[in-house]
Amino acid sequence: MTAQASATSISIQVNGNVSNASVDPGLLLADFIRDTLGLTGTKVGCETGQCGACTVLLDGVSVKSCTVLAAQAEGSEVTTIEGLAKDGELTPLQEAFWDNHAVQCGYCTPAMVLALTDLLAQNAKPSEAEIRIWLDGIMCRCGVYQNAIRAVQAVANPSETQGGS
Amino acid sequence: MASGMFGAAVKRREDPNLLTGDAKFTADIDLPGQVHMAVLHSPHAHATIKNIDTSAAAQMPGVVRIVTGVDIAEKMMRLPVIMNPGGQEAHFPPHPYGLPGAQTALATDRVRYVGEWIAVVLADTREQAYAAVAAIDVAYEPLPIVTTAEDALKEGAPQLHEAVPGNLCMHVEYGDKAAAQQAVDSAEVVVKQKIHIPRQIHSAVETRGTIAKYDPATGEYTLWTNTQIPHGNRFMIANLVLGLPYNKLRVIAPNIGGAFGSKGYLYQDAPLTLLLAKEVGRPIKWVDTREGLFRSTVHARGQDAYVTIAGSRDGKISSLMVTNYADLGAYSATNGPGTPTILTGRSVTGSYVIPHPFYEAYLAHANTVMLGPARGAGRMEAELIMERAIEMYAREIGMDSAEIRKKNFPAPDQFPFENGLGWTYDSGNYEGALNRALEMVGYDQVGARKTEARQRGKRLGVGIASYTTIAGVGPSGRMGKEGLIGSTWASAILRIHQTGDATLITGCQPHGQGQVTTFSQIVAEELGVPMERVEVIHSDTLGVPYAQGSYGSRSFSVEGTAAYLAAQEIKQKAMKVGAHMLEASEADVVFEDGKVQVKGVPSKSKTLQEVAQALWFAWDLPPGVDPGLESTTYFDPADFNYPFGSHVAVVEIDELTGAVDVVRYVCVDDVGNVANPQIVDGQMHGSIGFGIGPALMEEVVYDDQGHLVTESFRTYAVPRPSQLPTYELDRTVTPTPLNPMGAKGAGDISQPGVAPAVVNAVCDALSDLGVRHLDIPVTPEKIWRVLQGSGVQA
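Listed in order, the protein sequences are those of chains X and V.
Read left to right, the first sequence gives residues 1 to 165 (our numbering).
Read left to right, the second sequence gives residues 1 to 794 (our numbering).
Note that these hints are calculated values from the structure, not bench results.
It cannot be assumed that every hint is accurate.
As the list claims (entries may be wrong) - Derived SDA-like pairs (lysine to any residue); straight-line CA-CA distance at most 25 Å:
1) Lys125/X x Thr726/V
2) Lys125/X x Ser722/V
3) Lys24/V x Asn17/X
4) Lys125/X x Pro725/V
5) Lys125/X x Leu724/V
6) Lys125/X x Arg720/V
7) Lys24/V x Gly49/X
8) Lys86/X x Asp22/V
9) Lys86/X x Lys24/V
10) Lys24/V x Gln122/X
11) Lys24/V x Asp87/X
12) Lys125/X x Glu728/V
13) Lys782/V x Arg664/V
14) Lys194/V x Gln788/V
15) Lys24/V x Gly88/X
16) Lys24/V x Ile133/X
The task is simple: from the sequences and hints, build the whole structure.
Following this line, the structure appears as structure tokens:
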């Protein structure tokens, strides 16, 4: 939206692949992922950091990619939702989302799965209250939170929880 | 029922693509050569447009075209209004076809709300388009502003439309006013209260968007847009806005990131992008911003109800009288007038036998965004009115409100029950659901828990709401009488291929409710075809001949019934041909486990696949049997269905801050028979969050200049998980007699109970301070003022 600034060269590893690109310094990481790389699993809902739909992992930490410039991610590793399932095999958390009906319209699902992947990496057995606070950054208007919590608990305590409604 | 699929909590077939990010939503689609569209919105709530200067913007990099209202005035008709309940009087700007009219796609000489579309820019990139929008120079002359219905209807108020004298769009009355007034006048107890229900914004996480393409070689237009009503869009765009050949317009709804009613309209972007795609010879992509959406996609609720409830000292209600004011916004949305009229008006008596009810509503235009339905449309407003009224009545006569509810419920043998305002409830056991909810919450221990909470500095309150919600839209003739220009029947085309695979073409429009799964369950149950071999086609006007889409909790009980009936037709034909193949008489075969079998001789059977192959090859068919195994079935229900339930909220209020914590939320809902309990529970979770939001925090605020203060998620609060309790769900099962599956609607039917349960709990917690009523949202500030002794509402 501003006058053309000179392009900047970046090198970002996305889902294991190194991407070299020349980008506008004002380009958001979210737009770089979606428009430059065509990885549309990362969603955009507000472009101002409130809804969290654009969450990705930046060097393993969940961030809202509309609040990060592509240029700031120079030299980093980014994981998007496309980078989670390997050879079509869902991760245990994705499986648990499926088992526990933690998906409705699916628009916030990639963000929720990535954010909770980060949570479980930091805290293998989060409490319900910790999961709720962690998910406060991701708006889900369909209201799947309760089932998303059960999905996390199913991964954290596989012997104690079960699927079904 | 053979396979046990109906009633099973099977995992959703939709989920893998959504979990891996492979699923495509509107914004994820790009077409070669596309240009991006950006919109210039009015910054004024009411003003004359003196001049629009696009010369500087036109010189900006990448700009392909700038379009203003005068450029398209001769090419696009005003948007139509297709829901006109009429009533005592109704006034609209005229649509050229004699229909009621809504807004024009772009304003020409005058703007009437902040956010109204004035111009669009087409440019090579989205950034370039928005940069050029900022360079358009518009000269305005501000006009006087009005932002509420009641103010708009006052004498001397600023006038919005020449065709709408006094800003009165519509006045409706339901019920016998004189009889209701007489019942009030002669009642032992009369309680009156004004109830303000603020506007709510649907806040789907995905904004709206449109991609339009024109192919000059074929003359075909294609539109991808996140609409709940693809065929409704096709009809209105082709016939009522652009005047295109209907069969040259294809509308496709890709995956939709939540809708909740906000995407069930025709908005101007769809016809405008189609028109301009042809003119500039390139596909056009438009994806709204969050701020753009808040300013020009519909809002919901927004009523000011004057409520009178009358009854006896021993708890029998004799009358409910409601005079309601609703601001439809500066123009009607395409189905805007339906909500404050029939949906609230005919539903306002809720779950009770009220001998003399009366409802009237005045629908006005003010300088605000258009109003439309949201999840729980009109019925949340109705239940808030009724469930607050019964609560105040209970306090007035000093009777437990659960007891009063039971005294006034229709008994299970009173169904079908006519509510006096135009709805006939199909079936119910209201006391059963309430008793179960009270048992779950431990209603008899409330007193002790209040005492315990006070020792912790908390005020505990318990609130009940017993709701009855119209669902299963609907009987087409009835909807026509209510003012819908359109129909609401269901359709299914079910084809069993020679491989035994099935294709189901359905008229519903899934946007998160899991119909691909539940409809596959119906086919699997009835025909024994494995779910994963049922392909479900929907939401594309090329593949689906004509259909009604999804809204008003209609998918499963209406469209699903069409699928069920199609499966019965398939079964009948398969049995006829299977008997022929087995050299048995038709009377001697049955359809079981996906096979045509000779009764009592399971070894003598033909699989559905074998029968289908015989029918598609058609080498040896019985006389009079046509080749092929498919059914086209329509289902026009005899009436709506009426799910019901009881919710109980337990809140704790912090005595220092006034903050409300919903500590328990118990609900017992009855949607008749359930195909997939996990999916229905998920719908209930969604409805509860969508009700706790407006109960505690959601509220659209306009300032006195008509500026939308709550213009983004920075200022409009939506509940987050740490603000929500763990929901406790149960169900009773009262099947409807109106469809063979006995299923009622489930998508938005429990939402109306939520806000009243929460606000009843808050009022209960504060009742000893003289609080009889608080308007939603019951914010900490509002409660803190009560606790300080200054905020008791009149």
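The hints, checked one at a time:
Our distance criterion of 25 Å between C-alpha atoms is met by Lys125/X and Thr726/V, whose separation comes to about 19 Å. Proximity of Lys125/X to Ser722/V is assessed by CA-CA distance (about 18 Å); at most 25 Å being required, the pair is judged to hold. A distance of roughly 22 Å separates the Cα atoms of Lys24/V and Asn17/X; the hinted pair therefore holds under the 25 Å criterion. With a CA separation close to 20 Å, the supplied pair Lys125/X and Pro725/V stays within the 25 Å bound.
Taking the CA atoms of Lys125/X and Leu724/V, the gap is near 21 Å; set against the 25 Å cutoff, the hint holds. Under the criterion of a C-alpha separation no larger than 25 Å, the hint pairing Lys125/X with Arg720/V is consistent with the structure, at around 21 Å. For the suggested pair Lys24/V and Gly49/X, the alpha carbons sit about 22 Å apart, so the restraint of at most 25 Å is met. Distance check on the hinted pair: Lys86/X and Asp22/V sit about 13 Å apart at the alpha-carbon level, within 25 Å; holds.
For the hint linking Lys86/X to Lys24/V, the alpha-carbon distance of about 20 Å falls within 25 Å, and the restraint holds. The hinted pair formed by Lys24/V and Gln122/X fails the criterion: a straight-line CA distance of about 31 Å is larger than 25 Å. A C-alpha spacing of about 20 Å is found between Lys24/V and Asp87/X, which places the hinted pair at or below 25 Å, so the restraint holds. A distance of roughly 23 Å separates the Cα atoms of Lys125/X and Glu728/V; the hinted pair therefore holds under the 25 Å criterion.
As the CA atoms of Lys782/V and Arg664/V are separated by approximately 22 Å, the hinted pair is consistent with the 25 Å bound. Straight-line distance between C-alpha atoms of Lys194/V and Gln788/V comes to about 23 Å, which keeps the hinted pair within the 25 Å bound. This hinted pair checks out: Lys24/V and Gly88/X have alpha carbons roughly 17 Å apart, not beyond 25 Å. For the hint linking Lys24/V to Ile133/X, the alpha-carbon distance of about 29 Å lies beyond 25 Å, and the restraint is violated.
Consistency with the previously given hints fails for numbers 10 and 16, ordered from lowest to highest.
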